[in-house]
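Number of protein chains: 4
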Amino acid sequence: MALTGTRKWLNEVIFGTDTPAGKNFDVILIWTILVSVVLVLLASVESWWVRYGDIFFVLEWFFTALFTVEYFARIYCAKDRRSYIFSFYGVVDFLAILPSYLALIFTGASYLMVIRLLRVLRIFRILKLVRYLRDANLLVRSLWQARRRILVFYSCVLVLCIIFGSVMFVVEGPKHGFTSIPKSVYWTIVTITTVGFGDITPQTPLGQAIASMTMLIGYSIIAVPTGIVTAELAHELRKDKQLARCHNCGRAGHDSDSEYCKHCGYKLEDFDLLAEE
Amino acid sequence: MALTGTRKWLNEVIFGTDTPAGKNFDVILIWTILVSVVLVLLASVESWWVRYGDIFFVLEWFFTALFTVEYFARIYCAKDRRSYIFSFYGVVDFLAILPSYLALIFTGASYLMVIRLLRVLRIFRILKLVRYLRDANLLVRSLWQARRRILVFYSCVLVLCIIFGSVMFVVEGPKHGFTSIPKSVYWTIVTITTVGFGDITPQTPLGQAIASMTMLIGYSIIAVPTGIVTAELAHELRKDKQLARCHNCGRAGHDSDSEYCKHCGYKLEDFDLLAEE
Amino acid sequence: MALTGTRKWLNEVIFGTDTPAGKNFDVILIWTILVSVVLVLLASVESWWVRYGDIFFVLEWFFTALFTVEYFARIYCAKDRRSYIFSFYGVVDFLAILPSYLALIFTGASYLMVIRLLRVLRIFRILKLVRYLRDANLLVRSLWQARRRILVFYSCVLVLCIIFGSVMFVVEGPKHGFTSIPKSVYWTIVTITTVGFGDITPQTPLGQAIASMTMLIGYSIIAVPTGIVTAELAHELRKDKQLARCHNCGRAGHDSDSEYCKHCGYKLEDFDLLAEE
Amino acid sequence: MALTGTRKWLNEVIFGTDTPAGKNFDVILIWTILVSVVLVLLASVESWWVRYGDIFFVLEWFFTALFTVEYFARIYCAKDRRSYIFSFYGVVDFLAILPSYLALIFTGASYLMVIRLLRVLRIFRILKLVRYLRDANLLVRSLWQARRRILVFYSCVLVLCIIFGSVMFVVEGPKHGFTSIPKSVYWTIVTITTVGFGDITPQTPLGQAIASMTMLIGYSIIAVPTGIVTAELAHELRKDKQLARCHNCGRAGHDSDSEYCKHCGYKLEDFDLLAEE
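Chain order of the listed sequences is A, B, C and D. Be aware that the first sequence starts at 1, since it is given in the numbering used here, and climbs by one per residue. Be aware that the second sequence starts at 1, since it is given in the numbering used here, and climbs by one per residue. Be aware that the third sequence starts at 1, since it is given in the numbering used here, and climbs by one per residue. Be aware that the fourth sequence starts at 1, since it is given in the numbering used here, and climbs by one per residue.
Everything labelled a hint here was simulated from the structure, so no lab data went into it. Given the structure is predicted, the values throughout are model-derived calculations rather than measurements. Each statement offered as a hint is correct.
Identical copies look the same in the list; a pair holds intra-copy or inter-copy alike.
Lysine to any residue pairs mimicking SDA-like chemistry, simulated, CA-CA at most 20 Å apart: (1) K175 - L42; (2) K175 - W48; (3) K175 - S47; (4) K175 - V114; (5) K175 - P205; (6) K79 - L3; (7) K175 - T204; (8) K175 - D199; (9) K175 - Q203; (10) K175 - V45; (11) K175 - W49; (12) K23 - V13; (13) K79 - A21; (14) K8 - D80; (15) K8 - R81.
Build out the structure end to end from the sequences listed, making use of the hints.
Encoded structure:
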């Protein structure tokens, strides 16, 4: 079903990016989302809330009203309403306005407010439409290609953490902070990922020796995911260059930031390049 | 000696993966192992043990009984019983049930219980039979190819740690927590691997300057194992693609997640690809 | 406008690097800058300031006078005075001497003194003229090529940090140090980058489980920027070798530390190699 | 001058590795060095020194005597005595025995004892003669090729640390632990290398925001040395394979762990492969 009249125009503005109005709408929306997210972040600081609570309250309802209008406008002008509402971004749009209304009914449910931070995910929808997409695609494709290798790697890391964690539990014991095996496993993860909070630390010489081994292993296996991702990324980068072709001379091999064909000087268009993927 | 009757059927179910019964057995076994491992982890939390001790006790004996039956079934239906019992997984299977029985004889030997966590290793046997194997093989082969380079690297790191550790012992001394050279070496390992617990920290300006050098060196040499593994992994990835051939047209160069031959559209089978390694 | 007389000679000494006088001037300037920067660093240590305040004061004015003379000499002999003054390095040169004079007028404005550390940036101007430039160019070009991928990567990391941060705020709450969402986001950044100060740490089992996830994700995504930069760097390295040509036989493919052409033995000059970029 | 008689035989045993006696001497020496290093490490633990001081004392003199005899034997049988004494390893050999004798004269100079740990460097001399050398060479050559890029990188990191350190000094100030600019720079190095001791942490919101930026930058630039080393290592690995040729058929391209030529099955000898580098 082709849209007509106002609905068609609204669809072009809200969902589209080809018209100037559509582009402006996207830019305004990104800024609105960013400001509202910063507001939610700042409102959680108690001293700010005490002092500027009223302003936060008014602004929050202003943004909620805005996003509510936008949500219903999206439903109104969507090509297929049902599929929009139950799509990933449709649910995110809904969750972004829900908490404010729920807070009217259930007072004190301030933790619900956190859900509003999901608004930040809405930025990705808009970014999907712009130039950055191609690089994001490349990253996602590389990670997706490497997913099984990464899973195998994480299984091994987890088994290592369980084994080292239980050894540390036996060696150090509850009196040095290793109160249970799950906590020892938590400590091992903190250590093997080289985070090292220092809230729990081994005290016995034997415990420190085992901790040293854990660290050196962690230091070494940090190389494995890097190796996996690098190998895939290099492969995808090569593929990317072979796929992106100039529309004038048909030759490929362009750098990801080329704006003109290096063989014939023809202006390269992003969407042309994207279309081939 | 070819197996017959019940023994053959049991062998197919327990060791095999080709029949539906064999696949179901593997899936159930993985879940049983995971649940029993989680139980051991939770039972080590004192507050849970105090409250749900009886349930943990009953469940533990339930799983021990299950694994005992499985262990003897494996011995019964193994093609070569002797080699199974003394194989790596045979010993792990035995160690996974031993502690519960030992706890009957030696009361209070609660540390023995930790050995049961070796059950987690049993998961690898089952995973060996599935699709993930090929990627695990790639990782293992890369690490194995790089083993000597990694050994050389670790020797240098250890010598660096001993030298920096003894310098810090002289500079900072016992009154700032560097009570002995082994402890200083431990601190150096904590620092050079960028873990940084913060339980021991340099206090003198000279000590902090040397610590800064240690960190910058650590930051830099973190690149070496990464470089080694990446270089090997890229090499193995290329080799992998050359080895895996389609059974229909015989051509190679397939991606690791291809399901159909990209030259002739023939369905690729995992075990065919594996067979060539 | 071609320079003549004293101005031309001064220009060659101060801005140039081809004459022996120009080279000596650069070497002396680098050392003067380094010494003056070390002085500013040491003068900020209170105990040193109390003891050697007078010496610091005298030396500071000595260096300020030197840099003032140099600044005006640069203006005097610059080819285009206006463009020098408003160039990046012109402003840095000005800011490097400004604070000392301002301190005469506004007493107690000791924080202004920190601006003098911008002098350290002046070293880059001189380095621009020497051999190291080519390698710096390679690094900068690689990072520049990868800028969009890096931006996409950082956006994802920030969104991840906001989401994990707000979850930790809900789970751990103010009584375990997670007093506001911005602080929780700060904690998440500390954790996901594997820095792990340990000033705020999760105390509840659920919080520790989520923290473990955060660390493992951080451990994994550390691979992504590495992969991006490595892939670009390898690409640039290859390009670099193809670009640098011998002036005698015209053939390319030289290593970055080659001093003689490997095809005809002709001495390679850095500036020749540079010229082609 | 060709050595003869006892001197020649001693030289073969002590410096050589081709005869069985030479090989045995190396193996015994490695173990003697390792044991004496472990002894020095353990002797620095006060509680052990109090309890086993006598044993440590006796053993220390036993090893000192041994190494003294070895040192003079090396001088006796060296081809060029002067150049041995003033070579790197000659000095290390001398420093390894010096402290024990000095301790006789200057009592209480226990810090001198630390110098004995330089013995650990002697292991490298012996390792130089064995199989691992080739891989060590590869690593060293890669790092050497990348030395200028690494220097450029470190200069940038240090400038970054000075600038961020002085900003943090202004923002946080002495009352939050940032007592001087050098200490703030130390903190910045701790943070940018993702070590994160946590002995000094930012307390103000602005300080935490700048700290977050520092961490994200550190997280990102960790990729640069990795990229540099990986790119060089991959290049060296390729070169290595092209250089190592079979002595029978002359063809290259062997893996670094190949023991037989993959083209003609001829046994590859390490020293043949090494000779070509």
